[in-house]
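Those protein sequences? They're chains A and B, same order as listed. Quick note on our numbering: the first sequence kicks off at 163 and runs consecutively. Quick note on our numbering: the second sequence kicks off at 163 and runs consecutively.
Be aware that one or more of the hints could be misleading.
No copy is singled out in the list; a pair is fine if it fits within one copy or between any two copies.
Keeping only pairs whose Cα atoms sit at most 30 Å apart, straight-line, the calculated BS3-like set for lysine-lysine is [claimed, not checked]:
hint	residue 1	residue 2
1	276	174
2	731	716
3	716	406
4	503	723
5	428	272
6	237	262
7	723	710
No lab work stands behind these hints, which were simulated from the structure alone.
There are 2 protein chains.
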Amino acid sequence: MIADRLKKVRKKMSEAGVDVLLVRSTDRYLNEYVPQEESARVWISNFTGSMGEVLITKDRAFLAVDGRYWTQAEKETDPAHYEVLKAPLSTAIDDAIVEKLHALLPKDGKKKLKVGFEPDRVTPSGLEHFRSKLGARAELIPLSPSPVDAARGAIKSAPGTIRVVDEERVGRTARDKLEELSKKLAELELDGLLIQRLDEIAYLTNLRGDELPYQATFKSIALATRDKLFVGIDPARISGAIRKVRDGLMFVPEAELWASMGKKAKRLRIGYDPGSNTEYGLLQIQKTGATPVPLASPLGPMKARKNSAELASMTAAFARADLVVDRAVRFLSTEVVAGKKVTEADFADKVTELFSDSGAVGLSFRVISAAGKNGAIIHYSDPSPRRVVKRGELMLLDTGAYYDEGYATDLTRTFLVDAPNARGSDEQRRYYTLVLRAAIAGMTAVLPDSARGGALDAIVRAPLWAEGLNYNHGTGHGVGINVHEFPPRIGPNSPSVLEEGFVFSIEPGVYPPAFGGIRIENLCTLERIPRMPGFLRVVPLTYSPLDKRLIEPKLLTPFEKAYLTQYAKVHASSDRKKLRLES
Amino acid sequence: MIADRLKKVRKKMSEAGVDVLLVRSTDRYLNEYVPQEESARVWISNFTGSMGEVLITKDRAFLAVDGRYWTQAEKETDPAHYEVLKAPLSTAIDDAIVEKLHALLPKDGKKKLKVGFEPDRVTPSGLEHFRSKLGARAELIPLSPSPVDAARGAIKSAPGTIRVVDEERVGRTARDKLEELSKKLAELELDGLLIQRLDEIAYLTNLRGDELPYQATFKSIALATRDKLFVGIDPARISGAIRKVRDGLMFVPEAELWASMGKKAKRLRIGYDPGSNTEYGLLQIQKTGATPVPLASPLGPMKARKNSAELASMTAAFARADLVVDRAVRFLSTEVVAGKKVTEADFADKVTELFSDSGAVGLSFRVISAAGKNGAIIHYSDPSPRRVVKRGELMLLDTGAYYDEGYATDLTRTFLVDAPNARGSDEQRRYYTLVLRAAIAGMTAVLPDSARGGALDAIVRAPLWAEGLNYNHGTGHGVGINVHEFPPRIGPNSPSVLEEGFVFSIEPGVYPPAFGGIRIENLCTLERIPRMPGFLRVVPLTYSPLDKRLIEPKLLTPFEKAYLTQYAKVHASSDRKKLRLES
């Protein structure tokens with residue numbers, strides 16, 4: 163079957179005159195979670211992991227994956243057709259692709275390698291990255307439609323329903339947001355802005371969908387003008403009730419979106435964000451004759467700054483999710499201590515069930531349920547139905563869900579699978595306590611206005627660095643309608659400016675392969691400090707319990723001990739606000 | 163006199179067809195310290211401060227300065243000719259210039275403002291910054307020679323002598339360095355590299371000069387090829403003895419430097435660093451027909467990584483400077499307690515005298531001697547001959563010198579002017595101890611390989627941020643042949659990669675205007691940690707005493723207290739190496 167599909171794709175490639183074709187994991191909505199049945203990459207390779215990029219040449223095909231998928235990639239692909247490119251830890255998958263493309267450059271220095279790519283699945287900055295890495299000896303050729311899509315034919319996916327959120331709970335009307343955006347467009351001397359991030363469209367319209375896994379967005383594309391937001395979507399999907407109250411929103415079939423710019427298009431300046439739009443989007447703007455203006459979308463910080471209604475909604479959702487995790491943690495130890503057989507997959511199912519019981523409408527990502535050494539695999543998103551959880555080992559649970567409010571939750575706890583009065587080993591306690599120190603450093607950090615993500619990242623890592631430990635992932639990401647939203651990005655050297663009201667994770671960890679993994683993740687926000695003008699402090703929005711059996715008090719400073727006492731008090735209190743932690 | 167000079171300059175401007183002329187503080191060697199008598203900006207404005215940029219229009223002139231020079235600029239310039247542009251704290255002087263240029267844009271939107279600039283005193287990246295800030299409505303026109311130079315006529319400056327450093331003490335021969343550079347050029351597929359930073363030329367050639375204030379470099383320009391280094395300098399200044407042993411070095415008059423590329427120039431690729439070369443240098447490369455290739459000069463990290471001989475030379479110089487500061491500190495308190503009248507200027511003179519007694523060949527920058535509230539003026543480089551130092555107040559001393567080895571020293575101590583058994587006020591102790599905590603955070607920091615300056619910056623500032631305090635300058639700069647060398651840069655969000663063997667300052671401070679200023683500065687390096695592969699730790703290269711009378715133990719953690727005990731032990735020890743602080 164794969165042989166047949168590859169043959170068809172190669173025919174299309176040959177028609178288009180390209181030597182190589184790059185097939186991306188994402189879809190034309192730049193979705194992080196693409197439904198399996200819609201994924202072009204799954205269709206052409208059979209590989210079902212969440213991340214993996216494909217390169218197809220005239221006679222071979224390559225699948226590049228990172229450490230978490232080395233085994234699965236080899237299992238799922240046919241070696242007769244596919245060679246797996248194993249990106250080493252801490253190198254990007256794209257680097258493996260670039261390396262392979264370099265190897266494919268023609269021996270003849272004057273000939274160029276013609277690389278086809280799917281412009282609707284790559285951002286202009288992503289493309290620029292490829293271009294700069296490949297240099298002048300490769301030519302990047304946009305293929306629209308993608309040869310994979312052309313070979314595959316149309317696929318049908320059931321469109322879900324579109325609903326309006328309770329505007330009281332998000333604190334602002336769509337009209338209000340559009341007016342703010344309109345002002346920003348005026349300031350930027352723009353006539354319009356192309357919007358393709360689905361969470362930005364959901365945010366602006368106050369609409370939500372249910373057609374995509376692990377998110378409450380809906381497939382669409384939008385073009386904001388100074389007085390309207392044109393949403394490219396089948397208008398039949400928008401109920402009359404919705405349309406009635408949304409006076410600034412125009413729902414038009416996607417094909418008509420560009421036509422809506424009319425004949426005056428040539429005189430217009432349309433903004434696009436090279437990191438949030440697709441190359442296809444940019445090409446479409448150019449096609450109308452308008453001038454595309456690259457910029458950092460003003461929607462990023464707008465969406466990231468949560469108002470008090472949003473903070474209240476999110477905090478309420480986080481509290482429900484905390485309870486789910488708390489119950490799951492206790493359930494697992496009780497079962498295992500009682501001698502029951504529970505696998506990683508069983509535990510993930512239990513977590514899902516508890517979320518459902520708590521009123522969640524869906525998970526915000528696949529449950530990470532990793533026992534013992536599996537905890538060292540950073541995105542361990544396929545809990546094993548065979549791996550039985552053992553007493554005395556550590557369990558890493560990273561999970562989240564959506565409630566009515568439509569905001570994602572995200573929480574990680576690592577805990578000892580044992581009786582309540584047990585005590586972790588010296589090694590378990592040392593690692594856990596060091597990660598906890600890093601988490602406390604983040605949760606108590608005070609930063610000046612306009613500090614960057616890189617500064618908070620260093621403050622969180624410092625206690626681990628001091629012990630020669632580190633973690634090979636970011637310290638935090640924004641959370642909102644999507645569980646991963648940007649800004650902010652909190653990572654090494656990140657230039658992302660941190661602002662009041664941003665909601666983000668702080669999630670340090672350690673992953674010694676022979677030991678396993680420990681990660682502690684809390685969602686936090688940034689608040690003004692009345693007695694310290696010009697500064698913001700980090701405040702946790704969740705007080706989910708920490709595992710006392712894994713804390714080694716000798717490794718804590720007096721400040722950290724006092725903080726943990728206060729943290730436990732806030733957790734136990736029914737009025738969290740009053741007891742808010744002073745950092 | 164100034165009127166007459168401005169008139170002459172305006173005549174040249176009119177001949178060149180420009181509306182405005184930008185006159186820079188620096189010279190064609192991009193010197194940080196330009197001799198007063200050579201400075202074009204001093205000549206045209208009468209303003210003698212170290213930093214200040216001039217704008218001349220057809221009928222007015224402007225001098226932009228930052229906070230430290232607001233008063234001096236108004237005193238030294240004639241209001242009939244000059245308007246002082248006061249750049250507010252924390253904004254760059256160039257921003258004030260850009261603002262004024264915006265105000266000068268012609269009302270008629272179609273007309274452009276013609277801005278003349280001196281291409282030999284601005285870097286291509288500096289120029290790019292102006293260009294991007296000014297947009298399409300200003301045209302930047304290079305004027306060579308500068309209208310100010312043309313109006314002024316030739317100036318004579320006495321050329322100093324050029325000497326060879328003791329190569330044992332710098333650990334490498336010039337030939338050895340040239341071979342390393344040659345390999346790097348080959349890797350970069352370059353035929354040559356234009357070198358204009360005087361400290362890079364001094365570093366590569368192992369030659370030093372004495373013609374410039376506060377540095378051991380000499381005026382020259384250099385072009386490295388794969389097998390030679392052409393140094394543009396009057397060859398008569400190079401003694402036969404030097405020329406004999408320097409087989410890779412070719413000394414040619416500057417005018418002949420470009421001719422040395424010969425007829426094959428058109429086929430050559432010459433590297434230049436947009437941040438370390440001048441626009442003039444770039445224009446010269448273009449004139450030869452060669453292809454200029456922008457890059458981050460490989461000389462930056464080469465020069466910054468000190469070998470063990472350099473570290474030994476530097477440590478020895480720092481120890482001598484420490485002793486000078488120690489003596490100066492004790493001198494001042496003794497005199498003031500004994501009722502003697504000592505002014506800031508007297509104290510600066512005393513420091514200079516002590517440096518001279520200690521064998522220093524020159525200062526590495528003007529002594530900062532700031533009493534009480536004057537400490538809040540960050541670069542207070544004009545100690546007052548009227549301001550008498552009072553008992554019980556704080557004195558901020560920031561100073562450094564050169565010894566035979568040719569490396570700059572740099573040390574800041576803030577101390578209580580009082581008897582040895584006195585005690586600072588609550589406020590003095592609080593601020594001092596908090597700054598000390600920041601300094602300790604820096605001196606004990608452990609960082610992973612390839613960490614950035616921004617990470618160390620955040621770690622140093624965190625203890626101050628936690629109290630709502632901050633400082634409006636960088637945390638540290640590289641130190642070598644020049645007292646300010648780059649890389650590294652340790653500042654907010656700095657992408658400068660930190661490497662083993664770099665030598666740099668860590669100098670946190672607080673400057674509440676109503677209180678004064680406290681800064682503590684130690685020079686440090688980065689070392690490998692045998693038991694922690696992949697990590698580097700900061701190690702101080704100086705153990706100059708701290709003022710116990712200003713330390714409030716209640717504000718210190720147990721770790722910090724233990725560190726200070728150990729620090730004092732190392733200071734007291736004759737064998738510092740053995741007692742090196744474990745972080």
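Q) For residue 716 vs residue 406, is the C-alpha pair at or below 30 Å within one copy, between two copies, both, or neither? A) neither (63 Å within a copy, 65 Å between copies)
Q: With 30 Å as the alpha-carbon cut-off, assign the pair residue 723 and residue 710 to within, between, both or neither.
A: both (12 Å within a copy, 28 Å between copies)
Q | Intra/inter-copy verdict for residue 237 and residue 262 if alpha-carbon distance must be at most 30 Å | A | within (21 Å within a copy, 66 Å between copies)
Q: Please work out whether the CA atoms of residue 503 and residue 723 approach to 30 Å or closer within one copy, between two copies, in both situations, or in neither?
A: neither (36 Å within a copy, 51 Å between copies)
**Q.** 30 Å Cα threshold - placement of residue 716 relative to residue 731
**A.** This pair counts as both: shortest intra-copy Cα distance 21 Å, inter-copy 26 Å.
Q. Under a CA distance limit of 30 Å, which applies to residue 428 and residue 272: within one copy, between copies, both, or neither?
A. between (38 Å within a copy, 21 Å between copies)
Q: Using 30 Å as the alpha carbon limit, work out where residue 276 and residue 174 are close: within a copy, between copies, both or neither.
A: Classified as within; 14 Å inside a copy, 55 Å across copies.
Checked against the numbered hints listed earlier, the structure breaks hints 3 and 4; every other hint is satisfied.
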